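Asks: These protein sequence lines are chains A and B, in that order.
Numbers 1 to 504, taken from my numbering, label the letters of the first sequence in order.
Numbers 1 to 497, taken from my numbering, label the letters of the second sequence in order.
The hints are simulated quantities; they were obtained by calculation from the structure and are not laboratory data.
Please read all numbers here as calculations on a predicted model, not as lab measurements.
Where a beta carbon is used, it is the ideal one built from N, C-alpha and C, also for glycine.
A portion of the hints provided could be inaccurate.
[Stated by the list, open to error] Ranges between beta-carbon positions, derived for each pair:
id, chain 1, residue 1, chain 2, residue 2, range
1, B, 196, A, 191, 45 to 53 Å
2, B, 154, A, 62, 52 to 60 Å
3, B, 468, A, 381, 57 to 65 Å
4, A, 381, B, 419, 53 to 61 Å
5, A, 202, B, 489, 51 to 59 Å
6, B, 419, A, 211, 26 to 34 Å
7, B, 2, A, 24, 29 to 37 Å
8, A, 202, B, 162, 51 to 59 Å
9, B, 154, A, 35, 57 to 65 Å
10, B, 478, A, 371, 54 to 62 Å
11, A, 381, B, 357, 31 to 39 Å
[Stated by the list, open to error] Rough simulated footprint, nothing fancy, chain A against chain B, three-plus residues with beta-carbon under 8 Å:
id, region
12, 169-176
13, 258-267
14, 294-304
15, 334-343
16, 397-407
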Amino acid sequence: MSQAVVSVNAGILLPVLAPAIGAAVVLVTDVAVQHLRRAHYVIALVALMVGAVATVAGLGMVAGAARRTLCLPGSGQCMYVADSVGSTLQLAALLGAALTLLLSWPDDKKQSPGGTAVIVSLVLAATAGAAAVAGARDLGSWLVALELASLPAVALVALRGARSAISGAIALLTTALVSFGLLALSAALWFTATGSGFLTPAAALAVVNDPARRPILVLAVVVVIAGIGFKLSLVPFHAWTPEAYDGAPLPIAAFLAGVSKIAALAALLVVIRAVAPLGAPPLTAIAIVSAVSMTLGNIMALRQNGVVRFLAWSTVAQAGWVVLPLAAVSSAAVHASGAYLLAYVLATLLAFAVVAALVQIRGAARARDLAEYRGLLGDHPVLAGALGLALLSLAGLPPGFLGLVAKVAALRPVVTSELWLLAVVAAVNAVLGVAVYLRWLLTVISTPDVSPQASPPAVPEGAAPVAAQAVRVHPATLVAVGFTAVALVLTSLSPQMLLGLLGQ
Amino acid sequence: MVALLIGALVIPAATGTALMLSGRVTKPSSEDNANTLSLVASVATAALVIATVINRPVVNHSWLPSLGVRLHFAVDGISAPLLILTALLSIAVVVNARSRPSHGGSPSTFYGCLQLVELGALATFYARDAVIFYVSFEVVLVPMWVLIARYGDSHDLAARRDASGRFVLYTVLGSTLMLIGILALVQASGTADMDALAVLHGANLSRSTQIIIAALLLVGMGIKVPVWPLHTWLPPAHTIAPTAGSVMLAAILLKMGTYGIVRLVIAPLPIGFGALAPAFAVVGVVGIIWGGLACLVENDLKRLIAYSSVAHMGFVVLGLSSGTTVGLQAALFANIAHGVVSALLFFLVGGLKERWGSADLATARAALREVSPRLGIALVVGFAASLGLPGLVGFWGEFLAMYSAWNPAPDRPQPLMRVLVVLAVLGAGVAAAYSLRVLRLIWSGDRTTPAHEDARGGEWSVLAVLVAAVLVLGVAPGLLLNSTFKEAAAITMQVPR
């Protein structure tokens, strides 16, 4: 909006600029030198790592501290503010994108549809959007960054070209459009109510005691929750999730479950922090969608037989947990929500990485069928162990201490605000969640020979020679599994490593 | 000195993790290796635990500054007996399991799970930070679930899934409700330090807050105890679990619930607990009668002992509810007594089930006193203690619990408590009836076929030690009562009027 000269600090903007520049470099390189494949990935990884390193300065700062840039000269208001929570979410988005790229690393035989340059630049563009939305503090860039984070995902899902991919992409596209409409509406409502283009507490504070404008602001926030509910897969805006996950290539499903969710929560947190003075009314909406999301997500996940759909419904349930603390008015809630998101993303990405490795070893059909995981512990103990840790972390049970601590952190603001009913719903869902994840884990640790009636489909004659060939997992996938597994083990031993990033 | 306490937790953690990870490396033939390793680890842990009980070191490190959670561990008179019980029974289950093949999976996973269960139990009893208490509480869940789901009774896969699933889901519901209660308690009191909470004694909490928090905690931990009507997970879990799992479950894990009630409800929330105590006492006594009646008709011996656990824990609940120092001491004593007796009975019954191929009482068996006098005498002592015969360990806890409830704290409804005592006495009568029924069915008589082996070696030494413990603590209950007196008095004496 403002035409004034604004201060620009490229160092502070680097987490956003690095992936954006990376995307441009990849496209230019593709035009200059054709048939490059791995080089695109290398460029992208370098860009993501540069961005990730640039976020480090913003991690673990004391409350209230932030790195600001794009500030207006007179008012001192800044369009880009990276505090600890924002920087941590940026770091998570950049690393999550790097992991997605590792999982989709091209092998020598297969030609990627659309060429690697397209995939890589789309991932980088979406990541730049995710990083930008975490820092955006004005309506315009908030809205644009959020859409930048969402729309490339539609193309990424569709690129595979298969029927299921197209239907998944259409589900995602429809959702993205509705969501954009809602968000644009909410931006207009916000501007109507506050007369300010900035998403800051100061703007909201001016409206709190004005009986004419306050309802408009409340409505704006409720519409934001609906719009972002689509992106976070909150019930009742979740319907696209299983379709899109199942239709997309596995690494892209991991991207949707990881980076997209980070972008969505980052966008939501910007608004939630701005409306903290407003108090309870909009937050009741969060309590309801949170409770319904966890319940429906868990119940549906219990019934899934495909692992990708299982993980999709698990995302719906976990999204409910992510926004659970936001139902309470407290400064700890934003941290708790961020902490839960990070724990969820780390564990989910590890689960996806293990599934991706199994796709290479056993073929897509077997790796995507939950019943085929029977006896995995005996066949691939390391992968089974990593998967087990991821599932236990999602269930919030030791030895997945990270998930356990995240659960404690998420429940704490709810209890502090004495939302007893919501707390009890969450407790029941903790039980349902355990049932969901232990169902998969029980399959993994079961020995196939114990139950003769169940084992024949597990070892069909045709599949045995394939397994015996000792197919090698691509090194990039191994790096992805190893990196996430080590990160999950370390953060489980010392969850403070992760919580500390979000700030003191 | 601090190293002793850290060692007592690190050894089972390291051994358990190493055994779990080595599941693929060790072959079934190395069953003895896994057993020896966990035996050495358990003995070392027990030595360190006993040293910590004597030295009383305190560990207090920051763990999660963002959430204000500290790694705070210490020992006092209330936790000391439970720590020793845990450490010694962990040795006993390993000795007893020696030279018995573990069905259902690799032996190293089996022993690894046992070590991790021990770790969780020790950490729970050491914990002095309320959130760490919860975290430790959860540590036992997955290993115990694996023990039931993979190493349980191999006859019925569906029953195993059902039993292990019920165990884990009930317990998670209980512990999550407990977590909500703990978070509320910590928030309201402003500290997570359990010692500070006990000293505060609810001084800064209103009556209604205390009641809400106490109700959440009692329901949560009541599932673990288990208190009627939340006990329905226990019989299947005990029936299906392998012997080692049943022993750990009955003798140690159930105690985590009552211990938690003492630490997190009675000490910090005296008014809230006082308001709920009559109802709590009623469900306890219903449990005594319910469990006893179930035992009268139950034909599966393991399930019968599980139901008798429900009845025995009912006496603990009655003692806790009385609000007196004697009642609290009675409950803590009955805790240990049930730990010793139920361990003895589950070792016995587990051994018998292996010999018989089932634990069905309706099948005609050789009389134990004829073919296996060692098992026979242990069974007689076990059931005699279970029915509360004076001079054995079972007597004191239950007698003192009823005594304390007859003269409860002034703020308890005396007529109701006295009615409950009368009913509890009836329950004790039922206990005598079912104990004698079991002895008549499997101990007396003169059938000698089908013959089976008597207990020897490790099995006999475990049984003999437990029989000795039943006798010694029965003759000299002061050993234990003196240990808990000071802390129990501190908790009950300062109940505000």
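Asks: Now tell me, hint by hint, if it's right for this structure.
Replies: Taking the hints in turn, this is what the structure says about them:
1. B:196 / A:191: 45 to 53 Å: Since the Cβ atoms of residue 196 of chain B and residue 191 of chain A sit about 50 Å apart, the hinted range of 45 to 53 Å holds.
2. B:154 / A:62: 52 to 60 Å: holds, 58 Å
3. B:468 / A:381: 57 to 65 Å: Violated - the Cβ-Cβ distance for residue 468 of chain B and residue 381 of chain A, about 43 Å, lies outside 57 to 65 Å.
4. A:381 / B:419: 53 to 61 Å: holds, 58 Å
5. A:202 / B:489: 51 to 59 Å: At 57 Å between Cβs, range holds.
6. B:419 / A:211: 26 to 34 Å: violated, 59 Å
7. B:2 / A:24: 29 to 37 Å: Because 57 Å falls outside the window, the suggested range is violated.
8. A:202 / B:162: 51 to 59 Å: Once the Cβ atoms are compared, 58 Å apart, the range 51 to 59 Å for residue 162 of chain B and residue 202 of chain A holds.
9. B:154 / A:35: 57 to 65 Å: Holds, at about 59 Å.
10. B:478 / A:371: 54 to 62 Å: At roughly 59 Å between Cβ atoms, residue 371 of chain A and residue 478 of chain B fall inside 54 to 62 Å, so the hint holds.
11. A:381 / B:357: 31 to 39 Å: holds, 33 Å
12. 169-176: holds (count 4)
13. 258-267: violated (count 0)
14. 294-304: violated (count 0)
15. 334-343: violated (count 0)
16. 397-407: violated (count 0)
When each numbered hint is compared with the structure, violations occur for hints 3, 6, 7, 13, 14, 15 and 16.
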